[in-house]
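Take the sequence shown: its position 312, counting from 1, is numbered 683 in this note's numbering, and each next residue is one higher.
Since the hints were made in silico from the structure, they are not lab data. Everything numeric in this text was worked out from a predicted model, so none of it was measured. Among the clues, some could well be false.
Unchecked claim - Restraint ranges, calculated between C-beta atoms of paired labels, are given here: (1) 685 with 637: 32 to 40 Å; (2) 580 with 642: 27 to 35 Å; (3) 694 with 643: 12 to 20 Å; (4) 444 with 580: 38 to 46 Å; (5) 627 with 501: 31 to 39 Å; (6) 598 with 427: 17 to 25 Å; (7) 619 with 499: 30 to 38 Å; (8) 558 with 616: 15 to 23 Å; (9) 658 with 620: 51 to 59 Å; (10) 492 with 445: 36 to 44 Å.
The C-beta atom is built at its ideal place from N, Cα and C for all residues, glycine as well.
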Amino acid sequence: MRIGNRDLDTAVFIIAEIGANHEGNFDDAVRLIRAAKEAGADAVKFQTYRADRIVAWTETQRFQHFRRLELTDDEFRRLAAIAEQEDIIFLSTPFDLQSADLLDSLVPAFKIASGDLTYHPLLRHVASKGKPVLLSTGMADEEEIESALRVIENEGNREVVLLHCVSSYPTPPEEANLRAIKSLAERFGRPSGYSDHTLGILACVASAALGARVIEKHFTLDKTRATFRDHQLSADPDDLKALVTQVREVEKILGNGALAPGKTEEGNVSSMRRSIAALVNIPAGTVLDRGMLTFLRPGTGIATEKIDRIIGIRARRDIPQGSLLSWDDIE
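Based on the provided sequences and hints, a complete structural model is requested.
Here it is as structure tokens:
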């Protein structure tokens, strides 16, 4: 599966989840895009919504909170253009059908938030666009995940990545349950990934070792900002750079799984393997028995697995104690 110009089979796709950490400030949103690019992320992701389409108007405090964090349609278009100029993939989570329509021409894939996994009209609408869907699974059980996949697939869209997510802010380490990344892939036969809400970057790095093909980490310019909860559980630019570096190191460390010697091992085979050697001085003409022989490095003589072949054979010449046997030493 590809997202933009990135192949998920080739490298872990790392998303800097800006979300609403811009707090409605367009200039901060631009700074976040550029900082994410400099840190090495593959993509930035925002959240696209209108307060009156996400929360009941009677929920006054929450309504005003979402209203304060909004960006305009034109600002999203401009941010997508800036991301393209910076050569970083632009993504955003739509929280309603109209926002999905706005984003359709701006994003190569759609992200669905955990809270909307059961919002089937949105799933159906997004799936019908024919683009890959990144589906967060926080708070969901197997039946709900299966139902969401069925809705998406019924629109002819099988390009789905399931993101393990724990919708707790911040997520305690003992609740992170990273093994669910593998469980999702095995249970549903889809690529899986991780959307993180823990403090620090350790869980994200560990998720790469557990098979995550997509890793999403909240991103901020300043973790100490107290005006919005997400800042405290986000990576700052230094954190994100370390996350990217360490995930790329994990990818190297994991290798290809082949049960064969690596290139750097090949030169060590002869020095570290053993050969058949004389445990005692063996005079010429002696019939070899097991008690006369031992196994010593290097592996440049007769291989140890040939021991049964030389028992009972006569020594052609004197073989000094502690020396390796060669085929020329025996008849």
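To see whether the hints hold, each was checked on the structure:
no., hint, in the structure
1, 685 with 637: 32 to 40 Å, "36 Å, holds"
2, 580 with 642: 27 to 35 Å, "31 Å, holds"
3, 694 with 643: 12 to 20 Å, "19 Å, holds"
4, 444 with 580: 38 to 46 Å, "40 Å, holds"
5, 627 with 501: 31 to 39 Å, "32 Å, holds"
6, 598 with 427: 17 to 25 Å, "23 Å, holds"
7, 619 with 499: 30 to 38 Å, "35 Å, holds"
8, 558 with 616: 15 to 23 Å, "31 Å, violated"
9, 658 with 620: 51 to 59 Å, "56 Å, holds"
10, 492 with 445: 36 to 44 Å, "26 Å, violated"
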